[in-house]
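**Student:** Based on the sequences and whatever the hints tell you, model everything.
Residue numbers (our numbering), protein chains in the order written: chain P, 1 to 362; chain E, 1001 to 1362.
Watch out, some of these pointers could steer you wrong.
[Unchecked claim] Result set (EDC-like, lysine to aspartate or glutamate): computed pairs, CA atoms no more than 20 Å apart in a straight line:
| # | chain 1 | residue 1 | chain 2 | residue 2 |
| --- | --- | --- | --- | --- |
| 1 | E | LYS1329 | P | ASP280 |
| 2 | P | LYS329 | E | ASP1291 |
| 3 | E | LYS1044 | E | ASP1234 |
| 4 | P | LYS129 | P | GLU229 |
| 5 | E | LYS1129 | E | ASP1280 |
| 6 | E | LYS1044 | P | ASP234 |
| 7 | E | LYS1044 | P | GLU318 |
| 8 | P | LYS105 | E | ASP1056 |
| 9 | E | LYS1044 | P | GLU316 |
| 10 | P | LYS44 | E | GLU1318 |
| 11 | E | LYS1044 | E | ASP1056 |
| 12 | P | LYS129 | P | ASP91 |
| 13 | E | LYS1105 | P | GLU229 |
| 14 | P | LYS129 | P | ASP234 |
| 15 | P | LYS329 | P | ASP356 |
| 16 | P | LYS44 | E | GLU1316 |
| 17 | P | LYS44 | E | ASP1310 |
Just so you know, the hints here were simulated from the structure itself, not pulled from any lab data.
There are 2 protein chains.
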Amino acid sequence: MSRVWNFSAGPAALPPAVLERAQRELLDWNGSGASVMEQSHRGKRFIAMAAQAEADLRALMEVPADYAVLFLQGGATQHFAQIPMNLAGPDDSADYIVSGHWSAKAASEAGAYVRVNVAASSAADDYLKLPPRDSWRLDPRAAYVHYTPNETIHGVEFHDVPDVGDAVPLVADLSSNILSGPLDVSRFGLIYAGAQKNIGPSGLVVMIIRRDLLQRAGRPMARIFRYAEHAAADSMLNTPNTWGWYLAGLTFQWLLEQGGVAAMADLNRAKAGLLYGAIDGSDGYYRNPVDPAARSRMNVRFDLHDTALDAAFLQESEAAGLLALKGHKALGGMRASLYNAVPLAAVEALVEFMGDFARRHG
Amino acid sequence: MSRVWNFSAGPAALPPAVLERAQRELLDWNGSGASVMEQSHRGKRFIAMAAQAEADLRALMEVPADYAVLFLQGGATQHFAQIPMNLAGPDDSADYIVSGHWSAKAASEAGAYVRVNVAASSAADDYLKLPPRDSWRLDPRAAYVHYTPNETIHGVEFHDVPDVGDAVPLVADLSSNILSGPLDVSRFGLIYAGAQKNIGPSGLVVMIIRRDLLQRAGRPMARIFRYAEHAAADSMLNTPNTWGWYLAGLTFQWLLEQGGVAAMADLNRAKAGLLYGAIDGSDGYYRNPVDPAARSRMNVRFDLHDTALDAAFLQESEAAGLLALKGHKALGGMRASLYNAVPLAAVEALVEFMGDFARRHG
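**Tutor:** Structure, rendered in structure tokens:
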């Protein structure tokens, strides 16, 4: 069939221009006579591509020179565990802000390697709002403060970087909103992101880490888990996910061509505004329960006024070329993920379908 | 340029038929209107593909029912560390057979999580032969015995599965020779393999583990490191490397179409025989120093009689469309990797070039 509008929460839509280029050069990359997947990561061609991808990411995010950029594996979930291993000693504690499914999981997985202090949580509010900054009970001796700027399942997002002072490094799982708009990297000690939402295919993690944190002893571990070793080896301590790195590089180039993160911020604001507007303007036919101040630009939850209509909505939307609108099983309902590669036209098509559906099933 | 003959040690050549199919369906996979990289791993289409890939691997390797098959991340190197975490308790030891660079590294990385007993080593022989089985000082209380059936850098290979009895499980890093010929999986407790040589792109690890070993407590660790959790979640404990899994599945289908591992064994024997024959028949112009009984079918080392000719050999071979013949920097010289996807015609072209080079530079 022809290409659909893809609202998958992840692995998510990729820019068609990126896919078309990858398709063109799949058997003969960069004049090598072989696929990028068939290249040694130690070869000149691959190393040049890898360095360019890093340089492009640094340009896009204005990454300061005292931060290392790493291309890793394991998904964000592995780094839920690996971050405390690296940043916390055996007797340390770390502060976790719990604002939804993924930050709760980050806190839970960290428990094997650090004493977890849940410094704030919005669980009692069903994660429909963010824990107010003045409720956070931060420990000045914490090894770090961890939070999740965007929660893909609960559809809540921090629209500003919380001020936690300078003494304790701020760690953020940016898997679902990295590169969706400008961000002051210097406010963070460590940023990490699974690639499969705003960067590329799954199986790649991008990490930006302030170099002084690479000096922390952490706890005893094998070399392969130590970020300092990965940094010293330019992320080639062992064979990296070469295809993922390549696709990420193509996406970074595409983002630069689009006008960078400032242009993405405008686009993402317009897309989310259009969809939330349609939901709020539907006289209760569609509903989003999230505190408007905390609504995610990336993942828009909505419920139909009658769950008996859910099956018809999903069937008809898919038939209309609108893919993957089913909400996460934990919450039911619908979810439209609007990452960078989802164009405004996709949201326009969705909003039109929603209006049409409401009229037909009113 | 047109496709070359690719002798890369890894990431290595993939079957052209696999690449062509991936290219055709890159933007519209399986009638979905989106790339396989853009699919949720929890969607019906992806789950069906993933299950078929596992079923095809089970058929190819005749994997017994009491073994789980896992699709993981991190490269073999991460599992050098993760295997002892899972199979050994805090006070246990494990036996390691060291027959080259990779088995030495496996033993070294394991040291963070288990007491390593080097039960045998051929380091004193510069890894030019295998440690004879009767020299192995195995500990009957070891948590497991680890060995590396093929060493990509040193070019040595075990041509039979060593008998270590039934009491202690045998663990094998099959990264570089999995699926290169028939193997009795029931002789092993655990087999693991980085995909980037005989299976698919880098960033994927295939593991075959006897289910009783999933019950071992190991040491305390985060859930994401525990193989039993991955097995219980059908390797979707978190988002897997979906592209890698897909490519692996295409490779398994291709192998079945070629006649399976028996056909691969014949082909690999013919390829290695042709190249070693050319080396041994060159009157010392080319030399392979490895004990003939231990020569690898997958990675053929050879040195020119005069290292002053190395640069010309590499330059002229690349110009002739013979890619990645440079030996590993630890040993110098040349290396031709002859994994499943390298056809006999590639080796014929290499042998012809070698003869021609010797005549011209004699």
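**Student:** Each hint: holds or not?
**Tutor:** Verification of the hints:
Among the hinted pairs, E:LYS1329 with P:ASP280 is inconsistent with the structure: their alpha-carbon atoms are about 63 Å apart, more than 20 Å. For the proposed pair P:LYS329 and E:ASP1291, the alpha carbon gap of about 59 Å is over 20 Å, so the pair is violated. About 14 Å separates the Cα atoms of E:LYS1044 and E:ASP1234, which keeps this hinted pair within 20 Å; it holds. A distance of roughly 39 Å separates the Cα atoms of P:LYS129 and P:GLU229; the hinted pair therefore is violated under the 20 Å criterion.
For the hint linking E:LYS1129 to E:ASP1280, the alpha-carbon distance of about 17 Å falls within 20 Å, and the restraint holds. Taking the CA atoms of E:LYS1044 and P:ASP234, the gap is near 38 Å; set against the 20 Å cutoff, the hint is violated. Distance restraint check for E:LYS1044 and P:GLU318: the Cα-Cα separation of roughly 14 Å lies within the 20 Å cut-off, and the hinted pair is therefore satisfied. The suggested pairing of P:LYS105 with E:ASP1056 is violated, with an alpha-carbon distance near 34 Å, which exceeds 20 Å.
With a CA separation close to 17 Å, the supplied pair E:LYS1044 and P:GLU316 stays within the 20 Å bound. With a C-alpha separation of about 14 Å, the suggested pairing of P:LYS44 with E:GLU1318 holds against the 20 Å cut-off. Restraint check for E:LYS1044 and E:ASP1056: satisfied, since their Cα atoms lie roughly 18 Å apart, inside the 20 Å limit. A C-alpha spacing of about 33 Å is found between P:LYS129 and P:ASP91, which places the hinted pair above 20 Å, so the restraint is violated.
For the proposed pair E:LYS1105 and P:GLU229, the alpha carbon gap of about 15 Å is at most 20 Å, so the pair holds. At roughly 39 Å between alpha-carbon atoms, P:LYS129 and P:ASP234 are farther apart than 20 Å, so this suggested pair is violated. Using a Cα cut-off of 20 Å, the hinted pair P:LYS329 and P:ASP356 is violated, with the two alpha carbons roughly 26 Å apart. Straight-line distance between C-alpha atoms of P:LYS44 and E:GLU1316 comes to about 17 Å, which keeps the hinted pair within the 20 Å bound.
This hinted pair checks out: P:LYS44 and E:ASP1310 have alpha carbons roughly 18 Å apart, not beyond 20 Å.
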